[in-house]
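**Q** Residue numbers (full-length UniProt numbering), protein chains in the order written: chain A, 1 to 90; chain B, 1 to 329; chain C, 1 to 112; chain D, 1 to 126.
Errors might be hidden in some of the hints.
[As the list claims (entries may be wrong)] Here are the computed lysine-lysine pairs in the BS3-like style, where the Cα-Cα straight-line distance is at most 25 Å:
#1 B:K84 x D:K101
#2 B:K81 x D:K34
#3 D:K101 x B:K327
#4 B:K198 x C:K67
#5 D:K101 x B:K81
#6 B:K325 x D:K101
Calculated from the structure, these hints are not laboratory results.
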Amino acid sequence: MMFGFSCLALLVVMGVALVRAFAGPSVYDRILAVNMFGTKTVLFLAVFGFFTGRPDFLDIALVYALINFIGVIAVLRFVESVTHTGTGAD
Amino acid sequence: MIESLINIILFTMLAATSLAVVRLHNLFAITMLFGVYSLLSAVIFVELDAVDVAFTEAAVGAGISTMLILSTLVITGHHEKNPKHGPWLPLVVVILTGAVLAWGTLDMPLFGSLDNPIHQHVAPRYIQDSPEEIGIPNMVTSVLASYRGYDTMGEVVVVFAALIGVLALIGINEKKCAKRQYSSDERPPRPVLQVMSKLLIPYIMLFALYVQFHGDFGPGGGFQAGVIFAAAIILYTLTFSLDDAFDLISPRVLRPLAAIGVLIYGGTGIVTMLLGGTFLNYSVLAGDPKSGQHYGILAIEFGVGLTVATVMMLIFYAFVSRGEKGKVE
Amino acid sequence: MALIVDALSWALLIAGVVLGITGAIGTIRFPDFYTRVHASSVTDTLCALCIIAGLILQAGFTLVTVKLVFILLFLWYTSPVATHALVRAAHHMGLPPYLSNNASADAQKGKS
Amino acid sequence: MNIDFVGLYNYWVVIFLMMVGFYTVIAYDNLVKKVVGLNIFQTAVFMMYISASKVDGGSVPIYSESIELYSNPLPHVLILTAIVVGVAITALALALIIRIKEAYGTINEDDIIRMDLEEDARRDKL
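Looking at chain A on its own, in the form it has when it is part of the complex (with noise of 0.2 Å):
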C-alpha cells in the first residue's frame, strides 16, 4: 500500500516536471525538466518493483538512468554546437 501511494507521489513529481518542460520558456528549462523527469523516473521504477512484489529487475531502472544522462549531455553538446541566436529562448 505504501509503495503504490510513494509510486503515486513520484507520479506527480514526473507531472509537474513534464509542465516544465512543455512551459519552457528556455531550451534550458526544458533540459532542466528532462534531466528532472528522468531521475524521478528511476525512482519511480524502483518503487514500482517492490509494489509490484517483483523487485529483481530494477536493472531497467539503471538503464534509465544511463540514458536520460547520455541524453543530457547530448542535448547540451548539440544545442552548444549550434551557434545559438541570443539567449536560447525558443
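Following the hints, put chains B, C and D in place on chain A, whose structure we already have.
**A** Leaving out everything else, chains B, C and D in the frame of chain A:
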C-alpha cells in the same frame, strides 16, 4: 485500484507529451520531448509487465533515436517554418479516422481480461512448456532466440541492411582534424564531464556485459547489451571528440565486426544443420537438448550483441562526422 | 523488529517523496532558470537517498540491495554532473540571471 | 450503452497517439518533424500490442516458482523486434533527410516540391 490509476495517469502523460511534441516549433525542444516520450513509453511497458520491451525501448528507442535526430538537426537547422496551408483538411481527416477507430474499440476485449483471444492460442504453450523445453526462466528470451529464431535473424539482417544504407547514403568521414594543442594556462573544454565519463565508461561496459549474459534469467539480451555498449562509446564521443573516438575504436575495425555478428548468427544455424538438426534448432549442439539450447542461445545472443553494438556506433559516427567534418571526399 | 524496520522504511519513503514534491513545486514557482536549477538539483540527491534507503530496508540482504546501491551511486554521480554541465552551458550561451536590481525585474514588480 | 472506461482507456489513448502521429505526418512540412510523427505513430502500435498482452493479476513473463499467472510473452517478442527495426528505419530516413538538405538546401517539403516542379518546367522548355 492503484494499479489502474497509475496506468491511467501514465497514459494521460503520454498523450499530453505527444501533443506537446506536435505543438512546438523549435526542433530541439521537439527532440527533447520526443526523448521524454520514448522514456515515458518505456515506463508504461514496465507497468504493463513487458520488462524486456521496456529495456529495449529505453536503450534503443529513447537513446539512439534521440541521438540521431539531434545530430541530424545540427546539419539541417532547428527552426521549423510555419506551414503555408491551414490545418483544417488534415484535422478533419484525422478526426474522422480517429472516430472510426474509437468506435471499433467498443468491440475490443477489455484491457487485462484473461479471455482475450490472444491469450488462448500459442501463448499458453510458451508459458507452460518453455521453462521445461528451453531451460531458461525468461520466456521472452526463449521465444525470441529459440522458437522464433528465424524472425530474430531476419531482424539482425535488417539492422545490418540499415547500416549499409546509411553508409551508402552519407558515409563516415574519417579525415582527421588538426589536433588542437592546449597551452598550459588554458583548460581543455568540459573538464568535469571528461573526468567523470572516464570514470563511468568502464562500468557502463561492464554493465553491458552483465545485460548480455544475464538475458536468460532477467530482462536483457543482445539487443539491449549492444546498445548499452554503444552508449558508452557515444558518451566518450560526446565528452571528448570524434577524432578521439576514432582512435579508440576505428570504423575500419567496426565495419567487419558488424558483418561478423550476422555471420555468427547464421553460422550457428549452419552448424546445427551440419550436426543433423534443422536450421537454428539448438538441441543438437550438445548431448543434452537443454544444454544445447543454452549454448545456441548464448552464441546467437553474442552475434546479435556484436552486430547491434557495432551498427549503432557506426551509424552514430556517420551522422556526427557528417555534421562536424562535412561530406566524404 | 520487523515493525520497526517497516516504520523506518515508510518514514524514509515519505521523506523522499515530500522532498521530491518540494523540488517540483520549486521548478514551477521559481522565477528564472538558475533558481529552478537550485530547487530541483538540491532536492534531487537527498530525495534519491531517502527513497532508495527506504527500499533497501524492505529488500534486506539480496542482489536487489546491490542494484539499489548501484542506482543510488549512479544518480549521485550523474545528477550533479548533468546539472553542472547544464548551468555551465546556459551561462556560456549568455542566459541572463534574474537579479533584483535588474531593469526588467523592476518593471515586473511595478506591474504587479 | 455501458462503456467500461478503465477497460478501454488504453485503446483510446493508443488511437489518440496514432492520430497525433498521423496528423504530424500529413499537416507539417518539415521532414524531421514528419519522422518524429512516424515514430509517435509507431509507438502507438507498440502500446496497442503490449496493452493487449497484459493480464490482470499476471506478472512479468520470467519464470518463478511462486508465480501462477503470467502476461503473454508473444507480443513482447514481436514488439521488441519492431522497436529495433523502427530505429533502423529512423536512421535510414534521417540519412535521406541529410542528403535532401544537401541537395536542395532545405528540408521543407513544400519548397522541395516547388523546386522539383520548377526544374521539370525548365526541362520541358528545352
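**Q** For each hint, tell me whether it holds in the structure or not.
**A** Okay, the hints, checked on the actual structure:
Annotation: proposed proximity of K84 (chain B) to K101 (chain D) holds, straight-line Cα distance about 20 Å (limit 25 Å). In summary, the hint linking K81 (chain B) to K34 (chain D) is supported, as the alpha carbons are separated by about 13 Å, within the 25 Å threshold. The hinted pair formed by K101 (chain D) and K327 (chain B) meets the criterion: a straight-line CA distance of about 12 Å does not exceed 25 Å. Only pairs whose Cα atoms come within 25 Å are accepted, and K198 (chain B) paired with K67 (chain C) is accepted, the gap being roughly 22 Å.
The straight-line distance between the Cα atoms of K101 (chain D) and K81 (chain B) is roughly 15 Å, inside the 25 Å bound, and the hint therefore holds. Taking the CA atoms of K325 (chain B) and K101 (chain D), the gap is near 16 Å; set against the 25 Å cutoff, the hint holds.
In the structure shown, no violation is registered for any of the earlier numbered hints.
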